[in-house]
Amino acid sequence: MADEQISSHRSPSRVLRCLILSLSFVIVVPVLCITLALKLGPGGEVLYESNSDSMDINRTIYLYSDLVSVDIPKATMVIDWFIWDTCTFNCTDVDIFFDTNLLSSDHRDYSTPYSTDIPTDPIFRWNASATDLRQNFPIFRTDIVVINDVYGSMVYYPFDSYVAGVFAFAQDAVTKESVSLSIDAAYGLIAGLKVTAEIEEENHPDWDFGFRTIAGTLTFQRSSLVIGYCLTITLTFWLVTLMICLIVIKTMIFGFRQRHDIVPIPMGTMFVFTLLRFSMPGAPDSFGNALDYAGLLPCFVLLSISTVIMLGINLLTDPHHTTHGQFIWNDIGNMLRHYIRKPSFDSHLAHQTSGVL
303 MADEQISSHR SPSRVLRCLI LSLSFVIVVP VLCITLALKL GPGGEVLYES
353 NSDSMDINRT IYLYSDLVSV DIPKATMVID WFIWDTCTFN CTDVDIFFDT
403 NLLSSDHRDY STPYSTDIPT DPIFRWNASA TDLRQNFPIF RTDIVVINDV
453 YGSMVYYPFD SYVAGVFAFA QDAVTKESVS LSIDAAYGLI AGLKVTAEIE
503 EENHPDWDFG FRTIAGTLTF QRSSLVIGYC LTITLTFWLV TLMICLIVIK
553 TMIFGFRQRH DIVPIPMGTM FVFTLLRFSM PGAPDSFGNA LDYAGLLPCF
603 VLLSISTVIM LGINLLTDPH HTTHGQFIWN DIGNMLRHYI RKPSFDSHLA
653 HQTSGVL
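Counting in my numbering, the sequence shown runs from 303 upward without gaps.
Don't read these hints as lab results, they were simulated from the structure. Mixed in with the good hints there might be a few duds.
Derived Cβ-Cβ restraints for the label pairs, each shown as a range [as the list claims (entries may be wrong)]:
#1 A377 <-> L321: 53 to 59 Å
#2 E502 <-> Y366: 27 to 33 Å
#3 V330 <-> V574: 36 to 42 Å
#4 I551 <-> M572: 30 to 36 Å
#5 L491 <-> V565: 45 to 51 Å
#6 F573 <-> C320: 31 to 37 Å
#7 A339 <-> A475: 20 to 26 Å
Cβ coordinates follow ideal geometry from the N, Cα and C atoms, glycine included.
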């Protein structure tokens with residue numbers, strides 16, 4: 303009889319279905335994951351490109367910005383600026399100024415207090431007439447402060463968001479007359495973050511004075527892949543924890559037998575959960591964000607209780623001598639058949655009783 307059951311489980315059609323399903327899973331899942339990673343990958347897209355129709359006929363200093371890095375815990379971002387000038391002859395030197403209140407402490411003079419005065423110390427001087435090969439390359443770097451948005455705290459991870467402001471203008475180094483300053487293009491590639499840029503140039507109020515200024519806002523949010531990964535891991539925490547709790551309930555309350563090798567699983571699961579928690583991209587080092595309170599910490603409490611109960615059951619009782627034996631899938635089928643057949647049997651018995659009467 304046992305040989306017949308084994309042969310039925312290893313029939314050619316069953317083996318073929320198993321092989322097809324396994325190969326489909328091995329091929330489809332990696333392809334799907336790679337496709338999502340390439341399509342929803344963070345960064346790499348053009349953040350901003352200027353409108354060629356809005357070019358100024360006067361002299362304009364154009365900046366190409368490249369977002370190098372964003373450090374959320376330190377609340378700073380690093381941007382490299384490349385310069386291009388529309389002036390071709392009789393070009394004077396131009397000073398480029400940034401709002402010093404929006405710059406990090408690395409760009410500030412500690413002897414100068416914070417104020418609402420117009421900046422007087424330029425970040426960069428553009429020598430447009432220099433032709434010496436020994437001149438410095440026209441590039442400079444700024445460290446800009448990242449400000450908390452409405453959900454701008456690591457407590458809201460992975461739904462936290464942050465903003466950074468950029469304001470800059472240009473003046474002639476000698477006459478102090480204003481020179482138009484504009485961003486021609488802005489790029490960014492930051493792992494784990496979705497970056498959006500809003501540059502206010504068209505119909506800017508300062509255009510009435512005959513020059514442009516740069517006024518922009520960058521918004522940083524977690525990418526869709528990061529949010530999806532964090533939610534999937536949190537859901538996995540709950541599913542595994544609830545399964546272990548159900549094992550404890552059926553063993554302790556209903557007296558079903560359980561194997562010895564299930565006892566160390568809750569304790570090992572807590573270590574695995576901790577490793578998965580720190581694998582979340584950009585997650586804070588310490589516990590306490592929204593996902594921790596919604597998933598990891600409650601699961602730790604339930605797993606700790608389950609570990610104590612399982613150890614107590616194996617210490618104080620003999621799990622091989624339980625009331626109902628081992629709980630298997632056939633028990634669920636028998637239960638369903640019992641409660642499905644019982645109403646029909648009761649109605650049949652009532653019909654026979656009424657016929658006799």
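Evaluated hints:
| no. | hint | in the structure |
| --- | --- | --- |
| 1 | A377 <-> L321: 53 to 59 Å | holds (54 Å) |
| 2 | E502 <-> Y366: 27 to 33 Å | violated (18 Å) |
| 3 | V330 <-> V574: 36 to 42 Å | violated (26 Å) |
| 4 | I551 <-> M572: 30 to 36 Å | violated (19 Å) |
| 5 | L491 <-> V565: 45 to 51 Å | holds (48 Å) |
| 6 | F573 <-> C320: 31 to 37 Å | holds (33 Å) |
| 7 | A339 <-> A475: 20 to 26 Å | violated (48 Å) |
In terms of the numbered hints stated before, the structure departs from hints 2, 3, 4 and 7, listed from lowest to highest.
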